[in-house]
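For the record, the sequence lines run as chains A and B. For the first sequence, position 205 matches number 205 in the working numbering, and the numbering has no gaps at all. Take the position in the second sequence, starting the count at 1, then add 329; the result is the number in the working numbering.
Everything labelled a hint here was simulated from the structure, so no lab data went into it. Please note that a few of the clues may not be correct.
[Claimed, not checked] Not the full set, but computed from the structure, chain A residues with beta-carbon under 8 angstroms of chain B: (1) D69; (2) F176; (3) L228; (4) R252; (5) Q256; (6) L284.
[As the list claims (entries may be wrong)] Covered by chain A, per the in silico footprint, the following chain B stretches (three or more residues, Cβ under 8 angstroms): (7) 346-358; (8) 374-380; (9) 383-395.
Glycine included, every Cβ here is placed at the ideal spot set by N, Cα and C.
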Amino acid sequence: MLLPSARGPMGTALHALLLTAAPTSPDAVLPPGLAPALDPAAAPDPEDAAQCLWVLHELHYRGFADVDDAWEWAPQLMTLRQGLEQDLERRLRERFAAGWEPVDSADDASALVQRIIEADDAPSLARHLQRRGTREQALALLRQRSLYHLKEADPTSWVVPRLTARPKAALVEVQFDEYGGGDPARLHHHLFEQGMAAAGLEPDYGHYVGEATLPILEQNNAVSMFGLQRRLRGAAVGHFAAFEATSSVPSRQLAQGLRRLGIGEDMAGYYDEHVEADAVHEHLALVGVCGALVEEEPGLLADVALGAWTCLDLEARTAHDMLARWDAA
Amino acid sequence: MTRPGPEPTARVVEGDPVRLPCAGGPLLLRGAAVVETSDGVRHPTTRPVSALCRCGRSAIAPWCDATHKLLPAADRPV
């Protein structure tokens, strides 16, 4: 993957920096064009800032062919990433505080995440595409989803070494299945790649970031931030559980919609796999991962709820945004 | 309809998987196994943990497809 086109002045300044050789001196400073990322009063363009954070996170995944790998841990990028992540985390916590009741520290983690899921009343993109959506809408959604599905399960893998034995064993049991149980042909992000190619889409990792909407960029940035920050491991597993527990039924609806629209058997097959896999993962994630984590680290309960609620909130924002674009609300 | 009992709609005929029942949902099987449906067809597990349908409504029986979540609480497995 090459660096995408910048969305605004912050991206232009960041990409100009990344296209130079990484600094060898620890006291290198950020160019002035990146100062707004560190100034809460500067109010940079949200899509410009969100894509910058996405680019910074990608340096920790597969990087960019036109960027020196040594930028990954450059001190001035850590400062920049911290500024952008602080802004994102503040927004996510404010939304959670406004949208959900204060967490009772005596609550059961699995039951709490299930209540958060049951309270979700957002419109469903899967149901829309199952019944009424057009082929163009389905392809547009697949391009948006490709940002995550082409690295599916990877953000959660950052969490593994931060856990104690019980939640770690449960998480890795799910991840092993996500990664195909030893068979690359069953690996989920590989299945999505094949589905995209068969549907006539470009399966290259990160290819469609340029058209990613703000809610999609926020979804991806949130899950990367939760995974990369050990401090936020509770939010990471809460997000993971809410994601797995709300995937099986919509995956069936999407598979039906994709078949109705003739998008291709490969992509429908990707969603078929998620009907069956996530019906299993749901229970392992809720009880085995979230439940066990909070039993061992009770102080993480509120962040588990934050992660679960944020997962559903960002999906709700994505659904409202896409349906409004399609004039189908 | 009568409320489904705690037993899945297929039975394990090979293997000795760990059984993990989920309240209101499927029976998880951890480990390789072969299950047999009432029509005599044998279905081997294909993943490290599999979910056996207990509500009787799955479209991919004998495996769970989360259809139990769409049922009224009184119709879900015990």
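Inset, instruction - Classify the hint on A/L228 as holds or violated, based on whether any CB of chain B lies nearer than 8 angstroms to its CB. - result: With a closest approach of 27 angstroms, the A/L228 hint is violated.
Legend entry - Interface hint outcome for A/Q256 [beta carbon to chain B under 8 angstroms]: violated, 10 angstroms
Legend entry - Hint status (Cβ of A/L284 to nearest Cβ of chain B, threshold 8 angstroms): Interface hint status for A/L284: holds (6 angstroms vs cutoff 8 angstroms).
Inset, instruction - Verify the coverage statement for the region 346-358 of chain B against chain A, using a C-beta to C-beta distance below 8 angstroms and requiring 3 or more qualifying residues. - result: Result for this restraint: holds, n = 5.
Inset, instruction - Against chain B, run the beta carbon of A/F176 and see if the smallest gap drops under 8 angstroms. - result: Holds, about 6 angstroms.
Inset, instruction - Count the residues of the region 374-380 of chain B whose CB lies closer than 8 angstroms to any CB of chain A, then report whether that count reaches three. - result: holds (count 5)
Legend entry - Interface hint for A/D69, Cβ within 8 angstroms of any Cβ on chain B: violated, 34 angstroms
Legend entry - Coverage of the region 383-395 of chain B by chain A, judged on three or more residues with CB within 8 angstroms: Check passed, 6 qualifying residues.
Inset, instruction - Would you settle whether the hint for A/R252 is holds or violated, based on the nearest Cβ-Cβ distance to chain B being less than 8 angstroms? - result: holds, 6 angstroms
Hint check: violations occur at hints 1, 3 and 5; the rest are consistent with the structure.
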